[in-house]
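Student: Residue numbers (this note's numbering), protein chains in the order written: chain A, 12 to 244; chain B, 33 to 263.
Simulated from the structure, these hints should not be mistaken for laboratory data. Yeah, the Cβ is synthetic: ideal placement off N, Cα and C, and Gly gets one too. It is possible that part of the hints are untrue.
Straight-line Cα separation of at most 30 Å, DSSO-like style, residue types lysine-lysine; simulated pairs [claimed, not checked]:
#1 A/Lys156 <-> B/Lys39
#2 B/Lys39 <-> A/Lys231
#3 B/Lys175 <-> A/Lys238
#4 B/Lys80 <-> B/Lys104
#5 B/Lys39 <-> A/Lys32
#6 B/Lys104 <-> A/Lys32
#7 B/Lys50 <-> A/Lys238
#8 B/Lys83 <-> A/Lys230
#9 A/Lys231 <-> B/Lys62
#10 B/Lys80 <-> B/Lys181
#11 B/Lys77 <-> A/Lys156
#12 A/Lys60 <-> B/Lys164
#13 A/Lys241 <-> B/Lys202
#14 B/Lys50 <-> A/Lys231
#15 A/Lys32 <-> B/Lys235
#16 A/Lys60 <-> B/Lys202
#17 B/Lys181 <-> A/Lys32
#18 B/Lys175 <-> B/Lys164
#19 B/Lys104 <-> A/Lys65
#20 B/Lys83 <-> A/Lys156
#21 A/Lys230 <-> B/Lys77
#22 A/Lys231 <-> B/Lys164
#23 A/Lys226 <-> B/Lys62
#24 A/Lys60 <-> B/Lys62
Some chain A residues flagged as far from chain B (calculated, every beta-carbon gap over 10 Å) [claimed, not checked]:
#25 Pro64
#26 Arg76
#27 Met155
Stretch by stretch, here's where chain B covers chain A in the computed footprint (C-beta under 8 Å, at least three residues) [stated by the list, open to error]:
#28 53–61
#29 119–133
#30 175–187
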Amino acid sequence: MAYTKRFDGRKLDELRPIQAKVGVIPNADGSALFGQGDTIAIAAVYGPKILNPKHQQNPEKGVLRVHYNMLSFSVGERIKPGVSRRSQEISKVTEWALTPLVMLDELPGTVIDIHINILQANAGTRCAGINAAAMALAHAGIPMKEMISAVAIGSMGGTITTDISKEEEDYEEDGEKAATDIPMTFLSNSEKITLLQLDGAIPAKKLKEALEAGKEACKKINEYQKKALKEYK
Amino acid sequence: MTEKSKKEIVIPGEIIAKGDEFLPGDWTMKQGDNVVSTRLGVVEKSDKLIKVIPLSGVYIPRPGNTVIGEVKDIAVAGWMMDVGGPYSAFLPLRECPGFIETSEMENVYGIGDLLVTQIFNVGRTSVDLTMKSRERGALTKIKDGTIIKVNPHRVPRVIGKEGSMISLIKNATKTNITVGQNGIIWIKGDKIDDELFAERAIKFIVENTTADGLTEKVEKWLAENKEGGKK
Chain A
12 MAYTKRFDGR KLDELRPIQA KVGVIPNADG SALFGQGDTI AIAAVYGPKI
62 LNPKHQQNPE KGVLRVHYNM LSFSVGERIK PGVSRRSQEI SKVTEWALTP
112 LVMLDELPGT VIDIHINILQ ANAGTRCAGI NAAAMALAHA GIPMKEMISA
162 VAIGSMGGTI TTDISKEEED YEEDGEKAAT DIPMTFLSNS EKITLLQLDG
212 AIPAKKLKEA LEAGKEACKK INEYQKKALK EYK
Chain B
33 MTEKSKKEIV IPGEIIAKGD EFLPGDWTMK QGDNVVSTRL GVVEKSDKLI
83 KVIPLSGVYI PRPGNTVIGE VKDIAVAGWM MDVGGPYSAF LPLRECPGFI
133 ETSEMENVYG IGDLLVTQIF NVGRTSVDLT MKSRERGALT KIKDGTIIKV
183 NPHRVPRVIG KEGSMISLIK NATKTNITVG QNGIIWIKGD KIDDELFAER
233 AIKFIVENTT ADGLTEKVEK WLAENKEGGK K
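Work out the full structure: start from the sequences and follow the hints.
Tutor: Printed below as a string of structure tokens:
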């Protein structure tokens, strides 16, 4: 049976309800909250500040450091706090996704620390984290070439679906896992991709379809980010 | 905040001008035919130049700024200071008035002391400070009073046009106020109540920077809260 009706009754190209807020952490230089349905991420930006130890400094440009962390109560079964293999990987890919749009050449010898914490997880946490981090960077007054938006597109046994939930991520057909999860990011102006991961299997033709769906979804998410930043006085 | 601000807030990557009509100024860049903003801020157009005035972020030191900084370390021929911003600042011994013995440096400005100081040079990754000023007593060590911290991007509104706003508060609260461009403000009054009243007045301005007719609003606020501040 093909996947035509979604578990939560959304349209195939419909996003989960989005909440976006800027300035949630007064202590940080910049902060933001981004939620897609039951997935909620908060990002805090500290810096630019001097990078110590000194040998890690780059005299030509600044350094971006991302710390992604899932809080122990973010999922049903408590997860062990601290750094895990998965969180290290996500920190690194988030860093690579954000580096091209931050104008690090203007901040030599400094570091920008981004702390992403997942308050509640229901699939697409790295996407929510990137969306929150982009808003927090803008709030921190870091010079940026453009904005970035991220979304997870799924292929449910061949049906392209936008912003998949945990339920859909575990979707099975005939007792076999049939869901493919494709997180991707698009830059707001140049529409370049800075992150593209794939968990599962998908034909090349379908992937192109998924990218088109991702581009549309990212445009919508960008509108929410823009609105939240402009509302901040 | 019911009053609508006329100023347009832009986000990074937002197109603020098309074609060759404007030249890109501060915090803007050219992307193809468009001029886009690179920071969260307010657009300001003047003649043929378009620029963005940032709304948030850390303090960016500029030469000539009067700032309030903390002594962090005593070096061989000067003091390492923290004035906010990404880079540490250096106050050389020769930029202090009078003759200071190297062994006496600790007694003049110790670690943790707050100084009202001026930036005289900004390098690529360094800031140089001075304690020498034409105005007598303007640059000094802070011994008593109240210190508050505000968003450095709101400082121009706290000072007002040619210091109009700050002198309004000074007269109403009977205090002496020194505003550092890095967002640190020193309030010195005869009574602690005056200082607290001035602090609340400054907080009021900071919260309402985007409002129109701010001076009238502040005058009204000062008149309304005067009794409350005295109690």
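Student: Against this structure, judge whether each hint is valid.
Tutor: So, going through the hints one by one against the coordinates:
1. A/Lys156 <-> B/Lys39: This hinted pair holds, its Cα atoms lying about 22 Å apart.
2. B/Lys39 <-> A/Lys231: The hint holds at about 25 Å.
3. B/Lys175 <-> A/Lys238: 45 Å, violated
4. B/Lys80 <-> B/Lys104: 44 Å, violated
5. B/Lys39 <-> A/Lys32: Distance of about 21 Å is within 30 Å: holds.
6. B/Lys104 <-> A/Lys32: 36 Å, violated
7. B/Lys50 <-> A/Lys238: 22 Å, holds
8. B/Lys83 <-> A/Lys230: 26 Å, holds
9. A/Lys231 <-> B/Lys62: 25 Å, holds
10. B/Lys80 <-> B/Lys181: 36 Å, violated
11. B/Lys77 <-> A/Lys156: 20 Å, holds
12. A/Lys60 <-> B/Lys164: 28 Å, holds
13. A/Lys241 <-> B/Lys202: Between A/Lys241 and B/Lys202 the Cα gap is close to 33 Å, so the pair fails against 30 Å, i.e. violated.
14. B/Lys50 <-> A/Lys231: 23 Å, holds
15. A/Lys32 <-> B/Lys235: It holds: about 23 Å lies between the C-alpha atoms, which stays within 30 Å.
16. A/Lys60 <-> B/Lys202: Not satisfied, since the Cα-Cα distance of roughly 34 Å exceeds 30 Å.
17. B/Lys181 <-> A/Lys32: Given pair B/Lys181, A/Lys32 holds - Cα atoms ~24 Å apart, limit 30 Å.
18. B/Lys175 <-> B/Lys164: 18 Å, holds
19. B/Lys104 <-> A/Lys65: With a Cα-Cα distance of about 17 Å, the restraint between B/Lys104 and A/Lys65 holds, given a limit of 30 Å.
20. B/Lys83 <-> A/Lys156: 15 Å, holds
21. A/Lys230 <-> B/Lys77: 28 Å, holds
22. A/Lys231 <-> B/Lys164: With Cα atoms ~55 Å apart, A/Lys231 and B/Lys164 exceed 30 Å; violated.
23. A/Lys226 <-> B/Lys62: 24 Å, holds
24. A/Lys60 <-> B/Lys62: 27 Å, holds
25. Pro64: A/Pro64 clear of chain B: closest Cβ-Cβ about 15 Å, beyond 10 Å.
26. Arg76: Answer for A/Arg76: holds, closest chain B Cβ roughly 14 Å.
27. Met155: 4 Å, violated
28. 53–61: holds (count 4)
29. 119–133: holds (count 3)
30. 175–187: violated (count 0)
Hint compliance for this structure: hints 3, 4, 6, 10, 13, 16, 22, 27 and 30 are not met, and every other hint is.
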